[in-house]
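Number of protein chains: 2
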Amino acid sequence: MELRHTHRIFVPDDLAQGSVVAASVEQAHHLIHVLRLKGSDVLRLFNERHGEFRGTIGAVTKRGVEICVHEQIRAQTTEPDLWLCCAPIKKTHFDNMVEKSVELGVSEIQPILTQRTQIREVNADRVYKICREAAEQSDRLSVPAVGLPVSLADLVDVFPKDRALIVCAEWGVATPIYEMLNNPAMGAFTKAAIVTGPEGGFAGEELEKLRQVTNAFPVRLGPRILRADTAAIAALTCWQAVRGDWIK
Amino acid sequence: MELRHTHRIFVPDDLAQGSVVAASVEQAHHLIHVLRLKGSDVLRLFNERHGEFRGTIGAVTKRGVEICVHEQIRAQTTEPDLWLCCAPIKKTHFDNMVEKSVELGVSEIQPILTQRTQIREVNADRVYKICREAAEQSDRLSVPAVGLPVSLADLVDVFPKDRALIVCAEWGVATPIYEMLNNPAMGAFTKAAIVTGPEGGFAGEELEKLRQVTNAFPVRLGPRILRADTAAIAALTCWQAVRGDWIK
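Respectively, the protein sequence lines represent chains A and B.
So for the first sequence, the numbering used here puts the first residue at 1; every next one is plus one.
So for the second sequence, the numbering used here puts the first residue at 1; every next one is plus one.
These are computed hints drawn from the structure, not numbers from a lab.
Among the clues, some could well be false.
Said to hold, decoys possible - In silico DSS-like cross-links for lysine-lysine, where the CA-CA straight-line distance does not exceed 30 Å: (1) Lys129/B to Lys209/A; (2) Lys91/B to Lys90/A; (3) Lys91/A to Lys38/A; (4) Lys38/A to Lys90/B; (5) Lys91/A to Lys191/A; (6) Lys191/A to Lys62/B; (7) Lys209/B to Lys129/A; (8) Lys90/B to Lys90/A; (9) Lys161/A to Lys248/A; (10) Lys62/A to Lys90/A; (11) Lys91/B to Lys91/A; (12) Lys129/B to Lys91/A; (13) Lys161/B to Lys62/B; (14) Lys62/B to Lys90/B.
Unchecked claim - Which residues of chain B face chain A? A partial, calculated answer using Cβ under 7 Å: (15) Asp139; (16) Ala174; (17) Ile177; (18) Met180; (19) Gly222; (20) Ile225.
Where is the CB? At the ideal position from N, CA and C, for every residue including glycine.
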């Protein structure tokens with residue numbers, strides 16, 4: 001099997017040629033019982049710090065699986081600094097939003113609680129697992145961080161001055177996203193955050209509060225009504241295509 | 001409830017002020033037993049020909065629900081002519097791809113069978129139902145048509161000369177999608193088709209065959225590996241944002 005088609009896993013350990021790392025219990029189960037890998041079978045490893053390495057299955061015991069680390073395949077690279085600040089939505093669509101966001105290269109997912117947010121708790125472990133698996137499958141060298149939910153008011157209060165706040169505005173004055181992404185004022189920012197509301201949309205005063213942030217850019221995503229997850233995916237896509245690492 | 005927040009349904013019948021139409025059995029069940037609408041409650045109707053009308057619940061009998069048609073709210077409009085030619089993929093991701101494509105304004109979904117397409121049958125009724133529901137919820141005035149699966153070879157053979165064929169190329173020479181959408185050669189086409197492969201990607205000769213179509217535009221969707229559904233959603237988004245009805 002070509003190296004680029006081998007299984008990839010994230011490990012927290014340091015990676016260097018000649019070292020040996022342990023797969024997690026869950027990874028070990030997947031490698032041995034689902035993918036049926038055996039001694040010397042090849043896989044790839046990344047840890048967010050040292051790039052990507054070729055690995056082979058080493059000792060397989062009841063307690064776990066050791067992986068021998070061979071040569072480095074890719075060096076660690078800098079990735080776009082793009083947050084998704086999103087109201088949690090119902091499970092299937094939330095999971096879809098997280099999976100797609102990771103594939104699209106989001107660097108951090110920040111759940112926000114709004115007036116109409118019906119789902120107010122986020123199982124951080126479950127969301128992180130979706131992030132990790134999507135990162136493994138999409139060839140990323142990083143796993144996006146998932147923040148604890150914060151209120152919209154808190155997000156606005158502490159929103160960094162050096163980051164563009166791209167507000168997906170369901171109504172009111174907003175600029176078509178393509179036009180906005182080409183706006184010279186947007187060009188001043190290398191960091192961005194996409195903000196999307198819950199199923200019922202932002203409340204009027206919430207959208208007003210978001211618009212009033214100094215570096216806010218309210219955008220419109222076409223004439224149709226998009227689900228919350230679709231809006232997030234579409235906005236991330238546009239940013240990557242026009243201003244992110246898809247332009248290369 | 002504001003009119004724009006009322007339930008919307010697609011009906012095949014002619015719509016004109018003063019007429020009465022019948023909801024389908026499934027719609028009737030949803031209106032009465034799920035949404036619990038009663039006599040005179042307001043909803044909206046569209047039929048792909050006469051725009052959108054305000055309706056109210058009329059006679060509710062064991063055999064069905066009648067809907068009284070009142071004034072027209074929106075005139076029928078022309079929508080972008082944008083096809084998605086996609087290899088069928090596993091159910092959850094296929095359904096997601098269909099739902100999102102409809103929200104993003106696709107006009108036709110054409111399943112294509114490729115060498116690595118593992119799912120070779122498409123339940124047209126089920127897919128149409130997803131399309132109809134997504135159209136109802138996204139405020140569209142049309143429901144995309146869903147074609148019967150065709151082979152990639154047949155698609156290439158009969159591909160119309162007046163439509164841009166945007167090939168999502170997982171590898172080989174391809175142009176970043178944003179650059180390609182701004183290419184003057186692309187500007188000659190008002191009609192487009194996005195082509196995406198199955199989970200395992202296109203085979204080498206398939207991608208070659210697609211590239212050789214006269215009006216083919218092979219595009220790249222960034223440095224990460226996207227799932228088939230993500231690639232379709234991302235390419236549709238970019239087309240709409242740069243060349244479709246999102247620019248208004």
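Evaluated hints:
At most 30 Å may separate the alpha-carbon atoms for a hinted pair to count; Lys129/B and Lys209/A exceed this at roughly 39 Å. Proposed proximity of Lys91/B and Lys90/A is supported: the alpha carbons are some 19 Å apart, at most 30 Å. At roughly 35 Å between alpha-carbon atoms, Lys91/A and Lys38/A are farther apart than 30 Å, so this suggested pair is violated. Among the hinted pairs, Lys38/A with Lys90/B is consistent with the structure: their alpha-carbon atoms are about 28 Å apart, no more than 30 Å.
Of the pairs offered as hints, the one joining Lys91/A and Lys191/A holds, with about 28 Å between alpha carbons and a cut-off of 30 Å not exceeded. Annotation: proposed proximity of Lys191/A to Lys62/B is violated, straight-line Cα distance about 59 Å (limit 30 Å). With a C-alpha separation of about 39 Å, the suggested pairing of Lys209/B with Lys129/A is violated against the 30 Å cut-off. Simply put, Lys90/B and Lys90/A have alpha-carbon atoms about 21 Å apart, close enough for the 30 Å limit, and the pair holds.
At most 30 Å may separate the alpha-carbon atoms for a hinted pair to count; Lys161/A and Lys248/A meet this at roughly 27 Å. Taken as a hint, the Lys62/A and Lys90/A pair is broken in the structure, with Cα atoms around 38 Å apart against an allowance of 30 Å. With a C-alpha separation of about 17 Å, the suggested pairing of Lys91/B with Lys91/A holds against the 30 Å cut-off. With a C-alpha separation of about 21 Å, the suggested pairing of Lys129/B with Lys91/A holds against the 30 Å cut-off.
Distance check on the hinted pair: Lys161/B and Lys62/B sit about 52 Å apart at the alpha-carbon level, beyond 30 Å; violated. For a cut-off of 30 Å, the pair hint linking Lys62/B to Lys90/B is broken: about 38 Å separates their Cα positions. The interface hint given for Asp139/B holds, since its Cβ lies 5 Å from the closest Cβ of chain A, which is under the 7 Å cut-off. The interface hint given for Ala174/B is violated, since its Cβ lies 11 Å from the closest Cβ of chain A, which is over the 7 Å cut-off.
Annotation: interface hint on Ile177/B holds; nearest CB of chain A at approximately 6 Å, less than 7 Å. At its closest, the beta carbon of Met180/B sits 10 Å from a beta carbon of chain A; the interface hint therefore is violated under the 7 Å criterion. For Gly222/B, the interface hint holds, since its Cβ comes within 7 Å of a Cβ in chain A; the closest pair sits about 4 Å apart. Annotation: Ile225/B was flagged as interfacial toward chain A, and the flag holds, the nearest CB pair being 5 Å apart, inside 7 Å.
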